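Engineer: Sequence:
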Amino acid sequence: MASGQNQSAVTRFILLGLTDQADQKHLLFGIFLLIYAVTLAGNLGMIDLIRTSSALHTPMYFLLSVLSFLDICNSSVFTPRLLISFLTVDQSISFAGCVVQMAFMILHGTGECLLLAVMAYDRFVAICHPLRYHTIMSKRLCILLVVGTYTAGVFVSALQTGNAFVLPYCGPNVIDHFFCDIPPVLQLACSDTTVANVILLFLSALVTVPTVSAILVSYTYILVTICRMRSLEAQRKAFSTCASHLTALSLFYGSVFFVYVQPNLESASAYNKTLSVFYTIVIPMLNPLVYSLRNKDVKAAVQIRVLNLSRKGIC
Numbered sequence: 057m058a059s060g061q062n063q064s065a066v067t068r069f070i071l072l073g074l075t076d077q078a079d080q081k082h083l084l085f086g087i088f089l090l091i092y093a094v095t096l097a098g099n100l101g102m103i104d105l106i107r108t109s110s111a112l113h114t115p116m117y118f119l120l121s122v123l124s125f126l127d128i129c130n131s132s133v134f135t136p137r138l139l140i141s142f143l144t145v146d147q148s149i150s151f152a153g154c155v156v157q158m159a160f161m162i163l164h165g166t167g168e169c170l171l172l173a174v175m176a177y178d179r180f181v182a183i184c185h186p187l188r189y190h191t192i193m194s195k196r197l198c199i200l201l202v203v204g205t206y207t208a209g210v211f212v213s214a215l216q217t218g219n220a221f222v223l224p225y226c227g228p229n230v231i232d233h234f235f236c237d238i239p240p241v242l243q244l245a246c247s248d249t250t251v252a253n254v255i256l257l258f259l260s261a262l263v264t265v266p267t268v269s270a271i272l273v274s275y276t277y278i279l280v281t282i283c284r285m286r287s288l289e290a291q292r293k294a295f296s297t298c299a300s301h302l303t304a305l306s307l308f309y310g311s312v313f314f315v316y317v318q319p320n321l322e323s324a325s326a327y328n329k330t331l332s333v334f335y336t337i338v339i340p341m342l343n344p345l346v347y348s349l350r351n352k353d354v355k356a357a358v359q360i361r362v363l364n365l366s367r368k369g370i371c
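The sequence shown: position 210 = 266 (our numbering), numbered continuously.
Keep in mind that the hints were calculated from the coordinates and are not lab data.
Do not take every clue at face value.
Unchecked claim - Each computed BS3-like pair below joins lysine-lysine, with the alpha-carbon atoms no more than 27 Å apart:
1) LYS293 / LYS355
2) LYS352 / LYS293
3) LYS293 / LYS195
4) LYS81 / LYS355
5) LYS195 / LYS81
6) LYS195 / LYS352
To be verified - Label pairs and their in silico Cβ distance ranges:
7) VAL280 / THR75: 46 to 52 Å
8) VAL265 / THR330: 20 to 26 Å
9) THR191 / ARG284: 19 to 25 Å
10) THR144 / ARG284: 56 to 62 Å
11) VAL280 / ILE87: 39 to 45 Å
12) GLN291 / PHE313: 25 to 31 Å
13) VAL265 / LEU200: 20 to 26 Å
14) LEU100 / PHE151: 50 to 56 Å
15) THR75 / PRO266: 35 to 41 Å
16) ALA290 / SER150: 35 to 41 Å
17) LEU200 / SER132: 22 to 28 Å
18) SER150 / VAL273: 42 to 48 Å
Since the structure is predicted, the reported quantities are computational estimates derived from the model, not experimental observations.
C-beta atoms are modelled at their ideal positions from N, C-alpha and C, and glycine is treated no differently.
With the hints as constraints, model all of the structure from the sequences given.
Structural biologist: Below, the structure is given as structure tokens:
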């Protein structure tokens, strides 16, 4: 591109989406609408259940309610826009809309990474220091940790979004994705993106590596503590309290690492699109199921909640 070319020429981007086949769009619209409905119902239900059930007024479930809120926000950043794209011919998004979508995507993604690490620390304290659990994981500390995750999310979001959009966009405007993700957007910049890609990789690693390290250290201590337990019932109960969190960790970090923490960020492909669908849309739907299906406390709270609602309905 000539240096004198108008660098503000791009005012809208074109999102190619998941498919250009008209017959597939109607099917995908139904599938993703169902996923979004289940996501909202599951996470809102989890928040309501934790709020109304006194048995779930513990640090573990407080953090789980925050995770549900993040999942609702994260899914709402992508799914409504994707649903609209299945029904309309216009696949464009304004420049400002792209900036906002990317900023919220990074904010909630970073928040979820950090919150999962905080939840791992919560499990570490509960299993390795059970007698001091409520003293260490006080309400004040839980609130501070949640505020810290959001503060870090805002900070990283500002840096990542600024890193992407400080570059000039004056030529191609077609994004080979269903949302404004950083790597495919950087491919459209009119200047060299080597430094921007290095910064992207550095900031992504800055969030994921410390959080994963904290999680690994926490679960190493947890595993050692469980192995030292003499009671098989105590071991089973300890494993049970960690199983849901480990499942959520594997799903989220596995897909995020494959998409962002890789040496060749220029190769945005259908493979990365599929993984992106998984961690942006599918995982927020799965998390309430993961944390409820194998959790006796949640199952008991659901039964009590349904019974109370039934009694109110009868009255």
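Engineer: State for each hint whether it applies.
Structural biologist: Checked hints:
Restraint check for LYS293 and LYS355: the C-alpha separation of about 15 Å stays at or below 27 Å, so the hint holds. Simply put, LYS352 and LYS293 have alpha-carbon atoms about 10 Å apart, close enough for the 27 Å limit, and the pair holds. Pair hint LYS293 plus LYS195 holds up; C-alpha atoms about 24 Å apart against a cutoff of 27 Å. With a C-alpha separation of about 37 Å, the suggested pairing of LYS81 with LYS355 is violated against the 27 Å cut-off.
For the hint pairing LYS195 with LYS81, the CA-to-CA distance comes to about 47 Å; that exceeds 27 Å, so the pair is violated. With a C-alpha separation of about 23 Å, the suggested pairing of LYS195 with LYS352 holds against the 27 Å cut-off. Hint check: VAL280 to THR75, Cβ distance near 48 Å, so the stated range 46 to 52 Å holds. Restraint check, VAL265 to THR330: a C-beta distance of roughly 24 Å satisfies the suggested window 20 to 26 Å.
Between THR191 and ARG284, the C-beta spacing of about 22 Å keeps the proposed range 19 to 25 Å intact. Here the CB-CB span from THR144 to ARG284 is close to 60 Å, well matched to the stated 56 to 62 Å. Here the CB-CB span from VAL280 to ILE87 is close to 43 Å, well matched to the stated 39 to 45 Å. Between GLN291 and PHE313 the CB atoms are about 30 Å apart, so this pair conforms to the stated range of 25 to 31 Å.
Range check, VAL265 to LEU200: about 23 Å between beta-carbon atoms, so the 20 to 26 Å window is met. Between LEU100 and PHE151 the Cβ separation comes to about 33 Å, which falls outside the hinted range of 50 to 56 Å. At about 37 Å, the beta-carbon gap between THR75 and PRO266 stays in the expected band of 35 to 41 Å. For the pair ALA290 and SER150, the beta carbons lie near 57 Å from each other, so the given range of 35 to 41 Å is not met.
Checked against the given bound of 22 to 28 Å, the beta carbons of LEU200 and SER132, roughly 26 Å apart, stay inside it. Our hint of 42 to 48 Å for SER150 and VAL273 holds, since their Cβ atoms are close to 44 Å apart.
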